[in-house]
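**Q** Here are the chains, one letter per residue:
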Amino acid sequence: MSAFIEIARTGCTAIGRHPIRSTVTIAAVLSVLVPYLVGMGLAEGVRQEALVAIGSVDGPDATALPDLYVSGSRFGRRVPIRLAAAEQISSFEGVVRVVPRIVGRVTLGAKDIEAILVGLPQEELAEAVDGTKIGRVIDGELPTSEPGGAPQLVLGSALAGELGQQIGGVIPPILRSSRGEKTPRIVGIFRTDSSMWQSRVVLTTFETAAELFDQQGLATDLLVHCRAGQPAEVSSRIVREVGGVGDETGIGCEVISRSDLESLLPVGLGHREGVFNLVFVVAFAVAILAILVISGFGLSERRRTIGILKATGWQTDQVLLRGLVEHLLLGLIGATASILLAFVWLKWFNGFWIAGVFVSGLGTSPEIAVPFVLAPVPALLAVLIACLLVTIGSVFSTWRAAVTSPAEAMR
Amino acid sequence: MTGAPLATSTLERRYRAGSSHEIVAVRDVSLEISSGSFVALVGASGSGKSTLLALLGALDRPTSGTVRFGDQELSGCSDVELARLRRRMGFVFQSESLIPRLSVWENVSYPLVAQGVGGPRRRQLAESLLDRLGLASRFGALPEELSGGEQQRVAVARALVGSPEVLLADEPTSHLDVESAERTYELFREVHSQGTTVLVATHDPALVGSATRVVSLEAGRVVDDRTDA
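Chains A and B supply the protein sequences, listed in that same order.
Going by the numbering used here, the residue at position 34 of the first sequence is 34; the numbering climbs one at a time, nothing skipped.
So the number in the numbering used here is just where the residue sits in the second sequence, counting from 1, plus 1000.
Accuracy of the hints is not assured; some may be wrong.
Covered by chain A, per the in silico footprint, the following chain B stretches (three or more residues, Cβ under 8 Å) [unchecked claim]:
no.	segment
1	1058 to 1068
2	1108 to 1120
Among chain A residues calculated to face chain B with C-beta under 8 Å, some are [said to hold, decoys possible]:
no.	residue
3	7
4	10
5	18
Don't read these hints as lab results, they were simulated from the structure.
Virtual Cβ for every residue (Gly too), placed ideally from N, Cα, C.
Chain A with its partners taken away, still in its complex shape (with noise of 0.2 Å):
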């Protein structure tokens, strides 16, 4: 035991006597790994955030959420659905209340930014005000509808930036309605630290989406709030009689539970993450050829103690197990310091470059803070990545030296 600990360690010495090697193995560890952790750790961010806003894991407002999603369907497509079936659904036993939305694609600016309008009846967007989550991440005040009057919007911080927009500011006219150009003004900004789902988001009220994208007597979905225990009664019951309404156009209904979304969220997500680790495997194949050949720095000299360890009495898997040690503390330290800086990266770089493949709509310097989870997973992965790939790129040197008689090595 004492001759484990003490070969043990020479292996612990060995990496502050070859510094250059070491150096330089770490670096090709850090090189593969953080950008590793850092994409794994958005994915599960944007994982977790997806549930909170889907309300299927405890946010701050878990309970405000919906419990069903219905829109029209068409030829097995959503579209929008009439105002009137919201009428209909609210008298529905079981229902607290049934909010209508719009949501729509806005181009902005002179550079054709993309982003995302959202339109929410007035009284929803007050009550949110009183309540909480939109009240406290809205820099300015929340849109009103005004006959006759501009257009007003809540902008996503990122947008804001991206257009050089203040609170107060004006946009040239996004859509030409039937009702004429309307140029909108900017009421509010969410704040920086606020969700990533408003980076690029315009809010508004319902009425004002529905002028802008020309759209009456519509709604993108409606929002259904139910009883505890009655959303899949009273999905049940949209898709049996709601399903009808507007039948003369052919449209029917969709209805999609926080349960739907839950299992379409990793489809959504899976799709980044898997082009991510399309990356990771590349890179993780061209680390193992860099630590190959790193480990091939000071190969005669290596050879050469290898020699002189067994010419002195040292027995072939005690020489092993001194280059096992040290390669595996060269990992440890490599995973340990990946962790560091991918956390560093994700907390005070906001994720930077790698963000944008997680998050549709960012560059690669997010001005929002981009949610992040640096779970146990990717870290132990991490660890075992991290001294799998430091050992195999030595160990079988050091195993050939060892093998050979120390004539042969020292010679």
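Mind docking chain B on chain A? Use the hints.
**A** For chain B alone, coordinates are given in the frame of chain A:
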């Protein structure tokens, strides 16, 4: 101290040089070296002295024939058994046998690491040996900071640190100045006087003069075996 005797029987070692050429470095060598003897292996360069010494020191395996150390036949030993045998021997190489990134005392004491000797004890043993060899002031130096003679004395200290039963030295004074060589002879005589078997491959007449037996090699064969005392 009395160690186990060394013996070889019809020992042969061949090397392949290139694709077709083969060199017979040692051929048909049968020797018996009793414990406590001081043997000098002499011969011209390429006569097979170093190869024979490596075979006797379990650093290489013979192509045919046997080497015995006490009751153990070396070619039948496992890797672990060979390592344990090597711990009972001390080997001084011809040149450049120190580990470049270890300090002098660490080089001297490194063989003891594999035996589980703790750092403070290793340091103490190294200090004592280096003091005897006049290298106390070079205790923490790196090999590259030493002269050739100093490096060779460090190698001798390393060979002696495990109190070996047999000391094998391959031309230990070939790179030394007169004074350093003199110290080495003295040390070898002292080690021998304590019962350690000493085998030295050398050209140095002074060192040959210290030996009790001189074995002459030519083209890998023993051509003369003379016991003076």
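**Q** Hint by hint, say whether it matches the structure.
**A** Evaluated hints:
| no. | hint | verdict |
| --- | --- | --- |
| 1 | 1058 to 1068 | holds (count 3) |
| 2 | 1108 to 1120 | holds (count 9) |
| 3 | 7 | 6 Å, holds |
| 4 | 10 | 6 Å, holds |
| 5 | 18 | 7 Å, holds |
Checked against the numbered hints given earlier, this structure breaks none of them.
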